[in-house]
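J.: Residues per chain, in single letters:
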Amino acid sequence: MIGGGTGGFKRKSKVASDIPDSSLADMAFLLLIFFMVSTTFPKERPIKLDFPEAEATKKLDTKRKDILHIYLEKDGRIFINDKLTPVEQVAAVVQPIYYETQQRLVTILKGDREVPYQYVNAIQEELSRAGAVRVTFYTNLAQRVRRERR
Amino acid sequence: MALMKKKSRVSGAIPTSSMADIAFLLLVFFLVTTVFEEAKGLPIVLPEKSDGEVAVAQKNVLHLVIRPDGIVEVKRGESPSVQQVRPNEIGAIWRIEVQKNDKLIAAVKTHPLAPYKHMIAVLDQLQGAGAERISLQLLEE
Numbered sequence: 001m002i003g004g005g006t007g008g009f010k011r012k013s014k015v016a017s018d019i020p021d022s023s024l025a026d027m028a029f030l031l032l033i034f035f036m037v038s039t040t041f042p043k044e045r046p047i048k049l050d051f052p053e054a055e056a057t058k059k060l061d062t063k064r065k066d067i068l069h070i071y072l073e074k075d076g077r078i079f080i081n082d083k084l085t086p087v088e089q090v091a092a093v094v095q096p097i098y099y100e101t102q103q104r105l106v107t108i109l110k111g112d113r114e115v116p117y118q119y120v121n122a123i124q125e126e127l128s129r130a131g132a133v134r135v136t137f138y139t140n141l142a143q144r145v146r147r148e149r150r
Numbered sequence: 001m002a003l004m005k006k007k008s009r010v011s012g013a014i015p016t017s018s019m020a021d022i023a024f025l026l027l028v029f030f031l032v033t034t035v036f037e038e039a040k041g042l043p044i045v046l047p048e049k050s051d052g053e054v055a056v057a058q059k060n061v062l063h064l065v066i067r068p069d070g071i072v073e074v075k076r077g078e079s080p081s082v083q084q085v086r087p088n089e090i091g092a093i094w095r096i097e098v099q100k101n102d103k104l105i106a107a108v109k110t111h112p113l114a115p116y117k118h119m120i121a122v123l124d125q126l127q128g129a130g131a132e133r134i135s136l137q138l139l140e141e
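Chains G and C are the protein sequences, given in the same order.
If you use the numbering used here, the first sequence corresponds to residues 1 to 150, in order.
If you use the numbering used here, the second sequence corresponds to residues 1 to 141, in order.
Possibly wrong hints are sitting among the right ones.
Think about it this way: if two alpha-carbon atoms lie no more than 27 Å apart in a straight line, the pair counts; the simulated DSS-like pairs of lysine-lysine are [stated by the list, open to error]:
id, chain 1, residue 1, chain 2, residue 2
1, G, K59, C, K40
2, C, K75, C, K103
3, G, K58, C, K40
Far from chain G, some chain C residues (derived; all Cβ distances over 10 Å) [claimed, not checked]:
id, residue
4, H63
5, E78
6, I96
7, H111
Listed next, the stretches of chain G that the computed footprint assigns to chain C, with coverage defined by at least 3 CB atoms under 8 Å from CB atoms of chain C [stated by the list, open to error]:
id, segment
8, 25-37
9, 76-89
10, 121-135
Hints are computed from structural coordinates only; laboratory data are not their basis.
The beta carbon of each residue, even a glycine, is placed where N, CA and C say it ideally should be.
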């Protein structure tokens, strides 16, 4: 009886008390791969843009694949998909994308706050020529409270 | 004898304990550097090119002319008088005018050399005041 008891004790002592950490690396790599895939590094964009602020800024619930970003710099240069595009070619570039998205395309115009309005107007005309009439002017949310304090 | 014993204890497996550290290091790097492109702003629907000109009675139009210095000239329909206001007063004006006439259209005419931010300020005020019928145009001199 005593011998049997000691055998039981021996078996119990073999159970490891460590927290299993072999799957830790797997989880980390899974997260790592997710971020590697979803990261988009901004490619060569020559000048940093300052966007206008608006209190009525809304978040869009459009799918990412139905969104096209158009960048407009202070000097009137237009970048579509990181490519410098002359204003008269905007319609020709946007139209195929518009039909690819089953006419669900929403164009986000990211213009510098100081750009003269004539350049913005020229893009609007090109977009309506291409039929891509749903446009959003990219703005940062303005804080009403902060503005009143000033 | 003691030396022999020590040698035999060396494990032949590749150490994997630092693998998680490396993975987390990379993970933190990507977490910090990731910037998701946000979809936000002031949405508007442009008129289609095929629509052509749509005749609107002057009495239903609130003309807002944005000058290069950011001052907005407000002209109500057929009235010849012009009121000069700052962009942050447009919302209040719209609310008053739309109560008098619920068919009102805001015609925003921006000077070609006026900075984009002034047009956004006016559009922000109009959308904040609940305006839906907004027409954006370039001011022709």
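J.: Does each hint fit the structure? Answer for all of them.
T.: For each hint, the structure was consulted:
{"no.": "1", "hint": "K59(G) <-> K40(C)", "result": "4 Å, holds"}
{"no.": "2", "hint": "K75(C) <-> K103(C)", "result": "16 Å, holds"}
{"no.": "3", "hint": "K58(G) <-> K40(C)", "result": "5 Å, holds"}
{"no.": "4", "hint": "H63", "result": "16 Å, holds"}
{"no.": "5", "hint": "E78", "result": "26 Å, holds"}
{"no.": "6", "hint": "I96", "result": "19 Å, holds"}
{"no.": "7", "hint": "H111", "result": "7 Å, violated"}
{"no.": "8", "hint": "25-37", "result": "holds (count 7)"}
{"no.": "9", "hint": "76-89", "result": "violated (count 0)"}
{"no.": "10", "hint": "121-135", "result": "holds (count 9)"}
In terms of the numbered hints stated before, the structure departs from hints 7, 9, listed from lowest to highest.
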